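Residue numbers (our numbering), protein chains in the order written: chain W, 122 to 300; chain A, 5 to 439; chain V, 6 to 316.
The set of hints was computed from the structure by calculation and includes no laboratory data.
Listed next, the in silico DSS-like pairs over lysine-lysine satisfying Cα-Cα at most 27 Å (straight line):
(1) A:146 / V:248
(2) A:352 / A:299
(3) A:186 / V:164
(4) A:186 / V:262
(5) A:186 / V:248
(6) V:190 / A:185
(7) A:359 / A:299
(8) A:240 / V:190
(9) A:186 / V:190
(10) V:190 / V:22
(11) V:232 / A:148
(12) A:129 / A:59
(13) V:45 / W:251
(14) A:240 / V:211
(15) A:148 / V:248
(16) A:398 / A:357
(17) A:143 / V:248
(18) V:192 / A:186
(19) A:185 / V:164
(20) A:359 / A:398
(21) A:186 / V:232
(22) A:185 / V:192
(23) V:211 / V:161
(24) A:252 / A:210
(25) A:186 / V:211
(26) W:272 / W:170
(27) A:143 / V:232
Some chain V residues judged to face chain W by a derived CB distance under 8 Å, without partners named:
(28) 34
(29) 37
(30) 43
(31) 46
(32) 48
Since this is a predicted model, take the numbers as computed values, not measurements.
Just so it is clear, CB atoms sit at the ideal spot from N, CA and C, and this is done for glycine as well.
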Amino acid sequence: MNKLKATLLTKTGLNRVLIRLSHEIMEKHASIENLALVGIRTRGEIIAKRIFKNIDSLYNEKIYFGTLDVTFYRDDFSSNLGSPKVGPSDITFDVNNKHIILVDDVLYTGRTIRAAIEEIFSFGRPASIKLCVLVDRGHRELPIRADFIGKNYPTSINEHIHVYVQEIDKKERVDLLTY
Amino acid sequence: MNLKANYNKINGYILLKNGKIYDSFLSLNKAADILIKDGIIYKIKNKISEKSNYKIIDCKDNIITNGFIDLHSHFREPGFESKETIETGSNAAFYGGYTRICTMPNTDPVIDTPELVTHLINRSKSLPIYIHPIGAITKGQKGKELAEIGGMVESGAVAISDDGIPLNNSYLLRVALEYSKKFNIPVINHAEDSFLVNEGLMHEGKKSLKLGLSGNPDISETTMIFRDLSIAEYVKGRIHIPHVSSYKSLKIIDQFKKSGLNVTAEVTPHHLCLTDEILNEFNTDAKVAPPIRSKKHKDALIKAIQTGILDCIATDHAPHSIEDKEKDFKNSSCGMIGLESAFGLVNKNLSDKMKIESIIDLFTVKPAKIINLNPHLIKEGSLAELNVINPNYKWIFNENYIQSKSKNTPIIGKELMGKVLITINKGYISNCKIS
Amino acid sequence: MHKLETKHLLGLEFISKKDIEKIIDVGFIFREVLERPIKKVPTLQGKNILNLFFENSTRTKISFELAEKRLSADVTNFSSSFSSVQKGESLKDTVQNIQSMKMDCVVMRHPVPGSCIQLQNYVDSVIINAGDGTHEHPTQALLDIMSIKEKFGKIKNLKIGIVGDILHSRVALSNIFGLVKLGAKVKVCGPPHLIQRDIEMLNIEKTYNVDELIEWADVLNVLRIQKERMGVGIIPSIREYRKFFGITNERLLNHNKELVIMHPGPMNRGVEIDSEIADSSQAIILDQVLNGVAVRMSVLYLLLGNNELES
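The following block holds chain W by itself, in its conformation from the complex:
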């Protein structure tokens, strides 16, 4: 069973981080003409939606938006714990020549991101792919790094970072848990 060790972000803290990330993304892209946010199911999608809304309300810009379900591309399933069943990916815009920002909640081994990159390529050839994560907890097993990071929290292997969101968990915070 998971034991709560510490709360890393409260509801307010979480919200501020998301606003900052939204500004950072816009800062790095003078032109948003070919910019697309792609959230990785399930929590990555929710975070991406928040960022999308933030950008819309702060800058009055609607950028491209899509969702990825990477189940068919995974090579490991150990982090599949607690995740709901597979659903369809939803990329309705043309991926070719777009600057894609993948969005996920926690960056850990990097395998999910690798799967997401491969899946993006099955939709077309993007101009670039960047990564935005809420939390980077270290322990990469592949050469993957995030471009936009909410918080850095180095962890040990027997720890686990869980992002709670209103839409799924009926609460908002980021917790550090031990097994």
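Since the structure of chain W is already known, use the hints to place chains A and V on it.
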């Protein structure tokens, strides 16, 4: 005295006076006069007053009945017109009191398509009888492929049969019984196991022993009837057994009827009224399939027609030319004509055992029910389709009474009782009253 | 999570309602993959699948092959006419040769019922029945059910009519098993001698009157009349079959009804179904084909995918 039947178109009024009406369908049984106008029953009343423009026919001591229906006749057309044509067969029928005939399909070509069924019906349009064709079960009656049964029924076929040829392939009989369920018609199989028949020429018994003719045992019929009824019961199909000849078959039919199977059975006048004694002179006119059997069988058949195990009379009218019959017994064709003598022969043998009304039913309502026919009934407004019969009239059957093209019958010279005097149908009236 | 209760797909009689629903749900997800420019996912990379077809089939074989390749599996094809197998090798020998080649999955079509079930005794692989004689054709029924669900959103209480040579149809039997499990109402229609005598025991109804079926049904699945059966003589002629059981343009116009039309293919146009009907907007025949690839991908993924939870 001209006994040759003509028929004429009815013009004007005909008054049938003083007769007793018996309608098998309406269970109507009363003395009354019938006034017919231009072929339609205009009035039925006790004592209709005569008028000068009426043709009056005195029906005293006569019974007025529905027209007869034969489930089993061979009219040989197309292909064998030398033996009989639709016209001559129709004459024979009308003379015998038959207004409706079911023709068997073993012609040339075999009646196995909707077009041929339609052709037969069209041929009968100008004739005084209705033809209800029976279609073949298999194409060409070859026993291999189903014929277009649905199409034939839609064109007017009332049953299917490969008559003359037993359906040896039991699976095909099963398929035919199942398929025909959709079209609500009975399947009629000629029930004789060809292997057991083994070229038998007459009933295998004491007579065949003395005559030295190869025998056709009763079990050739019985075993196949058992097979046929078992299959029909298994698939819940509807089956009608033609020309039952053996007492052993009756037990089986009774057993299956009691267990709820929709089975009906017919018997011919010759099986009902004759025994194999008739073959003493090797009379080829008495060579039939299935063969006429011994007295024990005849007596059982008579009992069965009274109890209802056998449902009706069917003639199996089978004309053959002189050349076909004037051969040695082995090579003669099987079959005898029967439409003209049917009623007289049956009535003579049953009148002491059954009421006349029940005997008449065997020719009218019983066969009609088997093929779901609704003929015109004896009531006002109806087309006139009826017979005037003298049930007590004794007569010796001779060649002059034969209307068929062929004369192959051993009944010539026999005394019959009961005769159809007048037949009225489709606006025609036969002209054979003996004054 | 992404696993079925069953190890094989031998027939819809043998798998649970839950498994059927899961296969169909995941099938819809694979529909999305089939819309992409690159219609391929790496899920079954490294898996070896043998297509073992002892009976002629173009459509099912192609559909399976497409499904397997789009999942990045390695595919081997073995086609054999039944008679050549009869000449020498028994089924057991053929298959045990294959077993030593270490196949993860065998997709088998065989003309004799039960062959797939017997196969379980000879090999360790996952077995998928691609049609065993007159017994079952589970993936066909699954794609049929998926197509119905796509059109109506549900299966329960829908009225599904199946018309044709029911007696010899594995498509009909699998459909019956699957649809009844999911709560649909099923009625079959055809020439009386081509409907199994006891078929009502499967909790379905039968009628010999195709107009009655059309009046009753929400969906009509029209089976192919195998012309080979005409030679055997138990269907009298094409025109007779068409007149009494054909889904003709005149017949449907007479009923004036919105009816969804399905057909497993290949069609005998002008025999059991008219072109105007097959090509009309009421027919979902092409959707069936597309769903066929998707549902086969789903079956392969659920039976073969690495979806064990690691502790």
